[in-house]
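Just so you know, the sequences run in chain order L and H.
Numbering of the first sequence is given in our numbering, commencing with residue 99 and proceeding in unit increments.
Numbering of the second sequence is given in our numbering, commencing with residue 99 and proceeding in unit increments.
Derived by calculation from the structure, the hints in this document are not laboratory data.
Keep in mind that a hint or two might mislead.
Identical copies look the same in the list; a pair holds intra-copy or inter-copy alike.
Dumping the calculated DSS-like pairs for lysine-lysine here, alpha-carbon to alpha-carbon at most 27 Å [stated by the list, open to error]:
id	residue 1	residue 2
1	369	305
2	160	104
3	137	104
Protein chains: 2
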Amino acid sequence: MEVVSKNRSFGGEQAVYRHVSKVCGVDMTFAVYLPLQAKDGSVPCLWYLSGLTCTHDNAMSKAGLQAHAAEFGVAIVLPDTSPRGEGVADDEAYDLGQGAGFYVNATQAPWKPHFQMYDYVVNELRELVQANLPVSDAHGITGHSMGGHGALTIALRNPDRYKSVSAFAPIANPTQSDWGRKQLEAYLGADESSWADYDATILLKEKGWHDDILIDQGASDQFLDLLRPEALAEVITKTRQPSVFRLQEGYDHSYFFVSTFARDHVEWHAKRLYR
Amino acid sequence: MEVVSKNRSFGGEQAVYRHVSKVCGVDMTFAVYLPLQAKDGSVPCLWYLSGLTCTHDNAMSKAGLQAHAAEFGVAIVLPDTSPRGEGVADDEAYDLGQGAGFYVNATQAPWKPHFQMYDYVVNELRELVQANLPVSDAHGITGHSMGGHGALTIALRNPDRYKSVSAFAPIANPTQSDWGRKQLEAYLGADESSWADYDATILLKEKGWHDDILIDQGASDQFLDLLRPEALAEVITKTRQPSVFRLQEGYDHSYFFVSTFARDHVEWHAKRLYR
Numbered sequence: 099m100e101v102v103s104k105n106r107s108f109g110g111e112q113a114v115y116r117h118v119s120k121v122c123g124v125d126m127t128f129a130v131y132l133p134l135q136a137k138d139g140s141v142p143c144l145w146y147l148s149g150l151t152c153t154h155d156n157a158m159s160k161a162g163l164q165a166h167a168a169e170f171g172v173a174i175v176l177p178d179t180s181p182r183g184e185g186v187a188d189d190e191a192y193d194l195g196q197g198a199g200f201y202v203n204a205t206q207a208p209w210k211p212h213f214q215m216y217d218y219v220v221n222e223l224r225e226l227v228q229a230n231l232p233v234s235d236a237h238g239i240t241g242h243s244m245g246g247h248g249a250l251t252i253a254l255r256n257p258d259r260y261k262s263v264s265a266f267a268p269i270a271n272p273t274q275s276d277w278g279r280k281q282l283e284a285y286l287g288a289d290e291s292s293w294a295d296y297d298a299t300i301l302l303k304e305k306g307w308h309d310d311i312l313i314d315q316g317a318s319d320q321f322l323d324l325l326r327p328e329a330l331a332e333v334i335t336k337t338r339q340p341s342v343f344r345l346q347e348g349y350d351h352s353y354f355f356v357s358t359f360a361r362d363h364v365e366w367h368a369k370r371l372y373r
Numbered sequence: 099m100e101v102v103s104k105n106r107s108f109g110g111e112q113a114v115y116r117h118v119s120k121v122c123g124v125d126m127t128f129a130v131y132l133p134l135q136a137k138d139g140s141v142p143c144l145w146y147l148s149g150l151t152c153t154h155d156n157a158m159s160k161a162g163l164q165a166h167a168a169e170f171g172v173a174i175v176l177p178d179t180s181p182r183g184e185g186v187a188d189d190e191a192y193d194l195g196q197g198a199g200f201y202v203n204a205t206q207a208p209w210k211p212h213f214q215m216y217d218y219v220v221n222e223l224r225e226l227v228q229a230n231l232p233v234s235d236a237h238g239i240t241g242h243s244m245g246g247h248g249a250l251t252i253a254l255r256n257p258d259r260y261k262s263v264s265a266f267a268p269i270a271n272p273t274q275s276d277w278g279r280k281q282l283e284a285y286l287g288a289d290e291s292s293w294a295d296y297d298a299t300i301l302l303k304e305k306g307w308h309d310d311i312l313i314d315q316g317a318s319d320q321f322l323d324l325l326r327p328e329a330l331a332e333v334i335t336k337t338r339q340p341s342v343f344r345l346q347e348g349y350d351h352s353y354f355f356v357s358t359f360a361r362d363h364v365e366w367h368a369k370r371l372y373r
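Make the full structure from the sequences, and use the hints.
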């Protein structure tokens with residue numbers, strides 16, 4: 099891990115690292131916030147997955163997570179949203195290719211060689227972080243928009259690896275959305291049966307979750323039609339999945355929404371990760 | 099005032115406006131955060147002046163002020179750092195011209211026609227804000243780096259207009275710094291006697307301040323030589339100026355520093371503005 103930057107923040111340390119990713123076949127950049135408590139031993143680890151067009155930097159700079167991570171004593175890991183750089187496939191659209199990895203393992207050309215974000219987040223980056231930084235085995239995961247989709251699908255498929263899950267305005271049902279169908283076909287191929295592993299609504303219906311789930315969704319979100327929170331709410335209701343699903347009056351899809359409710363999410367995870 | 103954007107944030111509203119500035123002779127953009135309390139009547143108003151290269155957006159997105167403004171019931175006004183656009187003079191250097199107005203009234207060509215940021219902040223924008231938004235007569239002012247310089251010099255010259263003043267890593271003594279001498283000569287001319295009105299260290303020595311002052315400065319700030327906090331500290335000490343001057347171990351010049359101590363500053367101002 100090469101240090102890109104380190105800044106003192108709320109008594110702890112906000113760092114950015116670059117490393118060679120075997121899974122993605124390219125250098126990857128990620129950010130980690132360590133609270134002061136990490137100086138005395140390992141702390142639980144909350145993953146925050148970002149949305150379309152974002153890098154590790156957006157939430158690091160704009161979500162205000164550090165104050166809450168310092169207060170509740172958890173580390174925050176912020177991965178990039180895709181592989182990047184020369185030799186990595188891309189698309190002119192903002193919602194496909196670089197900046198839009200959708201946290202899947204691509205099986206189709208030209209994406210397959212580098213777009214392995216699911217394995218990268220679940221396995222490779224986690225092993226790197228645990229080997230090099232003072233984080234414990236207690237991991238939680240959250241994210242915003244495409245990152246909320248990533249957080250939910252990754253947690254639901256790996257209940258042994260994550261103790262807690264939440265999401266901000268997640269893409270809740272991508273197999274039925276223009277934020278999903280195009281990308282899943284490009285990355286996974288036309289056979290829709292392979293898409294189900296990357297749809298939170300389908301996964302929750304099939305697998306359930308071992309604890310409660312926190313979802314915040316802005317009621318004035320400009321992308322409600324694409325996010326399809328109603329599909330996830332229906333499954334939560336029908337399966338009696340313990341959850342707190344909050345439709346927040348007046349809030350849109352921006353970081354002003356995320357930052358407003360960031361403390362609630364960090365506290366939610368900390369309580370479950372310290373259990 | 100034309101609305102550029104509005105976003106719900108911490109129960110209140112983060113807005114960006116554009117307006118025709120007579121003083122600067124060009125359209126200007128600024129941001130205002132109004133807490134929920136402003137729905138029931140006027141609230142005190144804290145001005146936040148930004149640093150070199152910034153617009154209204156940087157602190158709006160990265161300083162985390164909204165959470166604290168919501169908690170303590172104050173509005174936050176974030177002006178731009180200079181006039182901008184075609185027909186406005188500029189310089190290739192990042193620290194002169196657009197993005198680097200230094201909160202002065204320029205008297206020299208080519209800057210004089212538009213670079214009137216002192217009058218803009220003290221008079222024109224204040225009148226616009228008070229005429230159009232629910233803010234009371236109780237105003238405080240703070241800022242970061244060049245904006246800390248702006249906050250201190252503007253407050254010290256207008257003690258009747260500002261009840262409270264603080265600064266984050268201010269350019270404290272620009273008449274003796276490479277962050278200052280070049281710009282003051284460009285904007286005000288070679289006669290250094292005209293520069294004293296824009297130097298916080300000189301102004302504090304001459305005028306004092308009617309209340310206490312809060313200054314936060316990162317002890318690991320990469321620009322300490324340019325900021326010259328020691329000059330301001332010396333005047334504070336010699337003149338027995340009531341102050342809280344904090345040298346914060348390990349903190350640099352970034353928004354990670356500003357956001358860490360933003361709550362302290364907003365609380366500080368709110369206590370004095372609600373007095």
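Hints versus structure:
| no. | hint | in the structure |
| --- | --- | --- |
| 1 | 369 to 305 | within (23 Å within a copy, 52 Å between copies) |
| 2 | 160 to 104 | both (17 Å within a copy, 17 Å between copies) |
| 3 | 137 to 104 | within (15 Å within a copy, 41 Å between copies) |
In this structure, none of the earlier numbered hints is contradicted; all agree with it.
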